[in-house]
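Asker: The chain contents come next:
Protein chains: 2
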Amino acid sequence: MTVMFERVALLGLGLIASSISHASRRKGLAKHIAGFARSAETRETAKQIGIVDSIHDTAAAAVKDADLVILCTPVGTYGALAQEIAPHLKPGAILTDVGSVKGAVVRDVSPHVPAGVHFIPGHPVAGTEQSGPRSGFAELFDNRWHILTPLPGNPPEKVQALEDFWVALGSNVERMTHDHHDLVLAMTSHLPHLIAYNTVATAGDVETVTQSEIIKFSAAGFRDFTRIAASDPTMWRDIFLNNREAVLEMLGRFTEELAVLQKAIRWGDGQTLFDLFSRARDIRRGIIAAGQDTAAPNFGRAPTKKN
Amino acid sequence: MTVMFERVALLGLGLIASSISHASRRKGLAKHIAGFARSAETRETAKQIGIVDSIHDTAAAAVKDADLVILCTPVGTYGALAQEIAPHLKPGAILTDVGSVKGAVVRDVSPHVPAGVHFIPGHPVAGTEQSGPRSGFAELFDNRWHILTPLPGNPPEKVQALEDFWVALGSNVERMTHDHHDLVLAMTSHLPHLIAYNTVATAGDVETVTQSEIIKFSAAGFRDFTRIAASDPTMWRDIFLNNREAVLEMLGRFTEELAVLQKAIRWGDGQTLFDLFSRARDIRRGIIAAGQDTAAPNFGRAPTKKN
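Protein chains in written order, with the working numbering: chain A, 521 to 827; chain B, 521 to 827.
There's no promise every hint is true.
[What the hints assert, rightly or not] What follows is a list of derived Cβ distance ranges for each label pair: (1) B/790 - A/564: 26 to 32 Å; (2) A/695 - B/788: 28 to 34 Å; (3) B/822 - A/780: 36 to 42 Å; (4) A/607 - B/779: 41 to 47 Å; (5) B/699 - A/787: 21 to 27 Å; (6) B/687 - A/695: 54 to 60 Å; (7) B/687 - A/728: 26 to 32 Å.
I should point out that these hints are in silico values taken from the structure, not numbers from a laboratory. Think of the CB as a built atom: it goes at the ideal place given N, C-alpha and C, for glycine as much as any other residue.
Make a model of the complete structure from these sequences and hints.
Answerer: In structure tokens, the structure reads:
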């Protein structure tokens, strides 16, 4: 038990905030966790499951006296939220976030941050397809990467304190610029989600195949896409609206590659298909070797019982 | 223990054949399982792990006296294989297959099938990303769907006998035409694999993001694509070459939908994004309700230990 922050304020109480609370309590990293959520139902749930020590009706009240304030709402809300809390932030406090885009967050939040408060953007590369306070768990960040994108004015000791906190939550930490973050995540997260959503939407619109057939025969590949396409729609809308350039860039590359595959299929060019398919296995092996996925076949999914 | 076939011949000894053997032995469905694989190494492994009662250097030898012959090699090999075994098939035998396409299989195999042998095409909608005889397991087919695409001349009792065998292996069985099969699977399996392969290939070619970054930050979505993109390249090359029309049709629809999403991102049309993303959750719920996937978040993947 090492208290790293006297008072932590979590603004927004979904999967990530709830997991921060569980992981923090596992090690006693915060003396007091103050919480805020816009919805009364979420506040009630958070109180019931005990992920906050105090719950507040306004973000302004939640951040009072907090040494560490973490924005955990969809990124589209950050600008207004930062404006609202700005006058109430404690001098010397660290303000950070968990948004999946970083350039837009710097653009929206920075103008509101008062002198003496240290805004250090961050992004835990962890999550599940579930949402809401009940979906959080203490192990979410274990051995996952947390990206910090410090700003030029950040005092090194404040950045270090925030890094230490995320390491204590279970993460590995890497620092990079916010522009580079947005490129990397456009490829490893935003494009895959877009493609998954699009595949599921395509399946929903094929008039020659019934919905029941799509579901029955999903185990041959499709169901893996539906998992990440079950993620929170509001959160993902905001991500795409706020990382437009990088997503369009990766999407352009994806479409080019796809045209090559399409042509190979049309013309029966098996060698092009085989070569491209063979390359993919190496990346899979790298991910397993890096501890970022399980090597168990089928994600270790056990066969399900007959209904 | 109910013997359903005296002698079963498995031609090709990869994931599916090996799982058929394990599932069959779990219930004693075959008195003798004869195996053939073109590679000496695979034959040796199959012998070592005991998935066959006899192992043969030629397909012709393996099918001798077999009541049930199952083609378990990549679909591109079926034509030559059928031609090779045709003179050696036992009158009255059932010949089936496990190929992921069915129209092309009918085209390639049917001309070689001698009178008195019953060719009934089939496809177990089950699998993992792993290959080879060691990757098989008895539960692979449990509560998964097996699609039979009987041909007009098939005697009903033979189709029923094959259906009973797959049910005994753990499957649910559905019958449909081979054309419809190829459309359904183009959507639920072939398109997702193509998209997954393409996404992984795109990631491998982005010069502004390192391979190490792709791997480190894969947990945010990308890694789910790499699992199915780790499937056997030869098998998948053959599938795309042999279900060209249906795959190109689904790919066309996918590309149209993607253009709509791309435009919505470019023009900041959040409502279009939100509406499409919201639809995806329903299909996910349907798949879980149908027992075709686990509801555990993240596929129930436990967080991995720090290295």
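Asker: So which hints don't hold here, by number, going up?
Answerer: No numbers; nothing is violated.
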